[in-house]
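Take these sequences, add in the hints, and give me the full structure.
Going down the list, the sequences are from chains A, B, C and D.
Residues in the first sequence are numbered consecutively from 1, following the numbering used here.
Residues in the second sequence are numbered consecutively from 1, following the numbering used here.
Residues in the third sequence are numbered consecutively from 1, following the numbering used here.
Residues in the fourth sequence are numbered consecutively from 1, following the numbering used here.
Careful, some of the hints might be misleading.
Which copy? The list can't say, so a pair holds if one copy fits it or any two copies do.
[What the hints assert, rightly or not] Derived EDC-like pairs: lysine to aspartate or glutamate, alpha-carbon spacing no greater than 20 Å straight-line: (1) 58 - 95; (2) 58 - 143; (3) 115 - 6; (4) 58 - 142; (5) 58 - 12; (6) 115 - 10; (7) 115 - 12; (8) 63 - 95; (9) 58 - 10; (10) 115 - 178; (11) 63 - 82.
Simulated from the structure, these hints should not be mistaken for laboratory data.
Number of protein chains: 4
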Amino acid sequence: MSTAADMAPELEVGRWFNTPTPITLAGLRGRVVALHTFQMLCPGCISHGIPQATRLRKMFAQKDVAVIGLHTVFEHHSVMTEEALAAFIHEYRLDFPIGVDIPGTNNPVPRTMQKYALRGTPSLVLIDRSGRLRLSHFGQIEDMQLGAVIGQLLAEPGETQSAPADSALSDAGSGRCEVGANGKRTG
Amino acid sequence: MSTAADMAPELEVGRWFNTPTPITLAGLRGRVVALHTFQMLCPGCISHGIPQATRLRKMFAQKDVAVIGLHTVFEHHSVMTEEALAAFIHEYRLDFPIGVDIPGTNNPVPRTMQKYALRGTPSLVLIDRSGRLRLSHFGQIEDMQLGAVIGQLLAEPGETQSAPADSALSDAGSGRCEVGANGKRTG
Amino acid sequence: MSTAADMAPELEVGRWFNTPTPITLAGLRGRVVALHTFQMLCPGCISHGIPQATRLRKMFAQKDVAVIGLHTVFEHHSVMTEEALAAFIHEYRLDFPIGVDIPGTNNPVPRTMQKYALRGTPSLVLIDRSGRLRLSHFGQIEDMQLGAVIGQLLAEPGETQSAPADSALSDAGSGRCEVGANGKRTG
Amino acid sequence: MSTAADMAPELEVGRWFNTPTPITLAGLRGRVVALHTFQMLCPGCISHGIPQATRLRKMFAQKDVAVIGLHTVFEHHSVMTEEALAAFIHEYRLDFPIGVDIPGTNNPVPRTMQKYALRGTPSLVLIDRSGRLRLSHFGQIEDMQLGAVIGQLLAEPGETQSAPADSALSDAGSGRCEVGANGKRTG
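Laid out in structure tokens, this is it:
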């Protein structure tokens with residue numbers, strides 16, 4: 001994985017939800033950043049992107065991976081308002097920070113979306129511990145692949161480095177077959 | 001992630017499927033090894049483990065990650081025979097190498113399973129590029145977590161090192177919303 | 001299944017989408033009516049109710065079963081507007097008729113929702129060929145159960161009666177095992 | 001739905017599991033019979049057919065719908081033995097009656113499978129309250145469609161007639177939005 005990547009441009013956010021203070025990429029140095037860009041009326045965002053962002057938030061320690069949502073409205077502007085987004089966040093019980101991308105000037109595409117040249121929603125952006133843009137993916141990406149890229153970014157040196165403890169592994173094993181104490185199966 | 005792990009014990013396999021020559025862990029040095037242990041009549045193996053092993057095989061380049069199946073029969077020995085396994089492999093169209101763990105002596109648990117002290121099936125074992133045992137997980141493990149651990153192992157130096165190309169990312173984006181050339185949405 | 005049920009109260013709809021002319025229950029006599037009530041920002045409606053309504057529409061002939069959506073806004077009124085619903089219908093590519101329940105007077109619950117005493121969204125209402133209310137279900141209902149109740153209503157005499165042709169059965173059989181011409185398996 | 005169907009031929013079963021006494025179609029008159037034919041090494045049977053048969057068993061009262069499994073081995077005869085099937089039934093915790101179709105003479109296809117001219121596995125056969133063959137479907141069939149056909153058969157007069165009580169409806173509604181006592185939403 002090349003490390004000659006460009007620095008990720010700073011976010012341009014007009015309003016934040018789920019965070020007491022505004023978030024900047026500069027302030028997240030040392031952590032891997034998973035930026036999930038979406039629109040609340042985009043079906044692929046609702047069925048795939050938002051649930052994946054929620055899994056990311058749950059899977060990785062926040063000191064290692066910062067999961068950020070960005071509402072990048074480039075269509076239906078009159079109904080995907082901040083007020084509508086607030087209702088959406090409430091109904092879907094989202095608890096990670098979500099910013100509203102600042103509308104473009106003479107351009108339906110908002111500013112951060114323009115700077116990152118995103119093709120649409122959902123798009124997933126990964127930024128490494130040093131603030132470099134490492135992945136920008138439009139459409140669906142499988143959990144296994146996303147996990148693999150994040151795992152590699154976590155392994156790279158940064159200002160601080162840590163890794164998910166093995167103990168974080170889910171152990172809820174329905175359907176598994178267990179060896180008993182005497183070699184016979186139990187349960 | 002600790003690197004003080006023990007060396008993974010060598011496999012004890014009586015018969016191999018889907019490989020022209022027997023496989024040894026020693027022969028896989030330099031690659032990350034994902035060892036999926038299963039029984040053909042274990043429901044959790046069929047619904048979760050085998051499909052995940054198939055995804056692993058498809059997701060990672062074989063020069064980076066070796067996906068190996070191991071049939072660790074510790075119950076119903078009389079029906080989970082090599083002949084039955086051959087039919088199973090054929091019906092499920094499995095194409096990665098699968099070994100048959102050598103039956104135990106005075107013990108229903110087969111030999112490799114004993115050496116790894118596996119608790120049952122499915123169990124997933126990860127071995128790093130240097131042959132050290134890094135993960136042994138009984139039951140289900142989520143794709144995102146598994147990907148993250150493999151990503152970290154891939155990032156560690158070994159005899160050879162490479163990483164999944166970004167171009168390997170799936171781009172099949174149903175449900176996504178795209179910005180048109182003029183900022184208007186297409187399709 | 002009792003047939004002493006009350007007549008279903010008429011819909012009170014302020015605006016219709018996906019139909020050239022307003023729809024009344026009276027005009028649907030002779031057909032079974034599946035009324036799917038939802039809110040566009042209700043997660044259970046998006047993940048369960050709307051996809052199920054779409055399957056209903058695809059599964060049954062329109063001359064037998066009329067699938068109708070009803071947007072019953074009882075919260076977040078300022079953002080779940082008709083304009084927002086129009087964008088929602090467009091983005092989700094919904095093609096069955098959808099009405100907007102008329103807002104209540106001094107009551108956040110809209111009029112049809114009040115008349116049917118619905119507890120929330122999603123709610124599924126089934127009306128028989130004679131216009132009687134036969135099922136009102138709040139929350140998720142399994143496809144098999146829903147199909148069974150509709151099948152029973154279809155079998156009841158009405159002004160007209162017909163049934164789904166066996167040829168409507170999906171025959172897309174991945175994973176199936178076929179006997180060959182000579183008794184040997186093919187493909 | 002035509003009622004001029006032929007009588008379903010009697011089952012030819014060599015051994016039964018999960019029933020104290022042998023089962024005959026003649027003995028099931030008055031009930032709708034759902035006959036699920038499968039092979040334990042058929043992937044489509046494991047992923048689709050068996051789980052659907054289990055849902056059928058759970059959804060309908062046994063006095064209305066009899067769910068019967070039939071192991072119709074037409075390939076890999078030497079490993080899909082009665083002993084292997086017993087282990088399979090135990091591992092998958094199947095609790096509905098399952099019969100073993102009697103092997104064919106000079107024919108790999110077993111006898112009942114021949115009489116019904118089934119094309120392979122999984123195949124689902126529906127028999128009405130009067131013992132007539134009403135549906136024979138090879139491959140996957142959607143729950144909604146299957147429910148609809150069974151609902152129609154249940155509505156037909158037979159020696160006895162009953163229907164699933166509305167109270168059988170699942171009410172486990174995660175993700176639903178509820179109106180509070182005063183019209184405000186709760187939960």
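Exercise for review: Provide an ascending list of the numbers of those earlier hints which the structure does not satisfy.
Suggested key: 5, 9 and 11
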